[in-house]
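Chain by chain, the residues run as shown.
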Amino acid sequence: MDAVTRPRTLFDPEFLARLEQLTLLSHRLYRGGIRGERRSTTLGRGVEFADHRSYHVGDDYRYIDWHIYSRLDRLFVKLFSEEEDVNVHLLVDVSRSMAWGEPSKLDYAVQVAAALGYIGLANLDRVGAVLYADRLLRTLPPLRGRPGVHRLFHFLGEATGGGRSDLAASLEEYAVRTRRRGVLVVLSDLMLPAGVAAGLRVARAHRFETFVIHLLADDELAPAIAGDLRLVDSETAAAVEVTADAGTLAAYARARDRYLADIEAACRRYQVEYLRASTSIAFDDLILRYLRAGGLIA
Amino acid sequence: MLLGAPAALWWLLLVPLIVLLYMLRARRQVQLVPSTLLWERATRDLVARLPVRRLERSLLLLLQVIAVALVALALARPSLALPGLSGDAVVLVVQAGASMQATDEAPSRLAAAQAAAREVLGRLGARQPAAVVVAGRRPVLAHDFSTDRRALAAAITGLRASDARSATDAAVALARDLRADGRPARVHLFGDRPPAAPDVVWHRVGRGAPNAAITRVALRAVPGGGRLLVRVEAFGREGPPRRLVVSAGGRTIAAREVRPAPGAPVAAVFELPPTEGALVVRLEGHDALAADDRAVLLAGREGLPRVLVVGEPNPPLDAVLAAVPTGGVVRTDRLVPAEWARADLIVLDGLQPLVLPPGAYLLIGTLGENLPAAVEGTARDQVIRSAAATHPVTRLADLRGVRVASGFILRPRAGTVLAEGDVPLAWAYEGQGLRVVALPFLLEQSDLALHPAFPVMVANAVSWLAGPSAIAAGEGPVVAAGAAREATLLDPSGATVRVAAREGLFTLPPLDRVGVWTLRAGAWQRRWVVSTAEAGESDLTVPDPPSAPADAAAPPAHVPLAPWLLAAAAVLVVGEWLLWSRTVPPPAVRRRPR
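Here the protein sequences come in this chain order: A and B. Read in order, the letters of the first sequence are residues 19 to 316 in our numbering. Read in order, the letters of the second sequence are residues 588 to 1181 in our numbering.
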């Protein structure tokens, strides 16, 4: 299968300056061993109250601020800051289907991963990156500090791939390779015939705090095709013959909605944060608005 | 419907090709997608809705097939030839004379004319009225204006050719006088005789064929029998010799061979023994028209009028009646009008005026009360100074110089004065079921019985009053019914028709077949010999149409159908496109992340 290629340019300096003001959030305590510059919600060593945020499914209800709840009738959790480092694992799906879209889902995923990695490195977190398809293809060992930015960007900028996607196998392999647990960010289109549950179960079993960023192209959400077609799967070369008319497209919409609902249900079951984004969304909007609203960065 | 380019119909082969492509499903376009995961699930979802989708696809196929068929048909440049498309009414005049029985068109000229008329009828617009006129001996409106094609076609099909002459010009005149919604109609003539009017569309029928015909027969009494004169003519070209046979009562009594040539008729004379009854003369052999190969006449006293004389014996009158050819003279002094119907002619001699039943009367010195004439006193010493020489009663009977010593003054309000001095002295009237010759004086009051014109006038009067026993085909005689209310009419083949009396008269239908017709009412009967006696019907030559086509004045309007077909095809294509456009995916929606 042809290799996936993508543009090499990532961010401009102005955008990087805005990223430096952000911090990756983690709801759990991970023993990084080295004191960092990021804030977390840990209760153990961190005792300095920092802020409140809305309660999300999976949050430890012991940190719910019941005083605010009594006044506002809304659930908020208390955020404590502690200067420590957190392991951040960026898993980027480089399977063949990621080459789709305008811009391609892979380019979009690389940019998001680079932005998240930059935020982590700027806050002295340990940031590692993995390119996977049906297995781990390339791995970037954990980096720490701003000097690692160039290596991270270079690693992501050279991301190529192809083949099929197998999240569960790749995670299983990655979990074996690294003993460090932490925030696991999966960037994928999740076109997994077996479903996403197996992969999430692996992540949950290895105690990663998982955040799934589901990237889809507009063509996948609403295909603009018509007529009698023989659709060929870019990953498996499997073919499906369809007559793309209104009825077929309606059936596709129903299948799409069911599939997305299944993914969301699996994420809730395994306490995984989930964010779905179309590649037509402006990249900075995704980072500065939606990921902040989703609780991955602050 | 006419096709300007019938070869274009080969495009219809595209129809099965389209169906075949649908059946085979045209090769699908290959398109790469990131994943077929969702398409596979969508395809499974569609299985439950397959019947509906098949129906939609079938409708698309049907629309495509119809559109292609319409376009192919339009390329063939079809058009409809519609004479009189403007909606003008049409009168279809069909000749039904003897010549239309000719078999030079299979099965006959009349059948060909009927077929042509029905074809024109079928090309008329749905709201275009038509009427049917039959050109027989007299023109008859067979069906008035109507748009009921079935009824009109039935009227055409029901026409029968007679042995009579075809009154074509009279029929055309009738057709031109007809009005449909106050507007004149276009006249189409179907037959073998061209119309005199130039604006009539003539549909020529008949190819022309040689024919031999008996054009005249005459029988004269001679001592020891009769002398039969038969004239045979040939038309077209000379044919083979024909055998001319005379028979009576089914037995041949004379025969000879004749060979007429065009322009050279043959006159055959037969000396016959005394014969009573019908004589049949026929030409043996076959030609295109059989109706004129046969003639019939009555011999002997058969067919002559029977005379009833009511009054005192009158020797001069009796002597003349005995000399005149009649079927018998009966004298009576009983004044019983109910018995008069047994005679063909009643002579009332010197009776008081009375109401005359319908019939034929020779009135001598008397008058009927129901006649359109009045009696105004007595005329004396009259001399006939003028007589109507052209009237059948006074033809060859010069009554001038006849003196009348005394008579009544006749003031007729109708009829014809046959002779007169200072006052009318002989009068003829026909009407109201009556045919009358009246002399307003007694024979003994004049010297008429001594005048040479008297027997001639009596013979003429008997002949005119009794009416002819030989008539041309197509005539419908009117005879007195007397006391009878119903009679039976027998045609030459023996078929019968009931005829009811109206106002004392039997009005017979047209006697349109050659032969002997008989009207019977109880013991009384009257016979007529019907003949064609129309040489023009025997000439089967059909004139060529005018140099310009007869119907060039109104060429059939060819209405092209291609624009309509193409428009229909365009509508179907648009409809098919609109239906298909339901399959076009909606524009991509910019979806916002959660």
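Just so you know, these hints were derived from the structure itself, not from any lab. Where hints are given, some of them may not hold.
Okay, the calculated beta carbon distance ranges per label pair [said to hold, decoys possible]:
| id | chain 1 | residue 1 | chain 2 | residue 2 | range |
| --- | --- | --- | --- | --- | --- |
| 1 | A | Ala311 | B | Ile605 | 54 to 64 Å |
| 2 | B | Leu601 | A | Gly175 | 22 to 32 Å |
| 3 | B | Arg737 | A | Ala268 | 50 to 60 Å |
Where is the CB? At the ideal position from N, CA and C, for every residue including glycine.
Right, here's what the structure says about each hint:
| no. | hint | verdict |
| --- | --- | --- |
| 1 | Ala311(A) x Ile605(B): 54 to 64 Å | holds, 56 Å |
| 2 | Leu601(B) x Gly175(A): 22 to 32 Å | violated, 57 Å |
| 3 | Arg737(B) x Ala268(A): 50 to 60 Å | holds, 54 Å |
Violation of the numbered hints given earlier is confined to hint 2; every other hint is satisfied by the structure.
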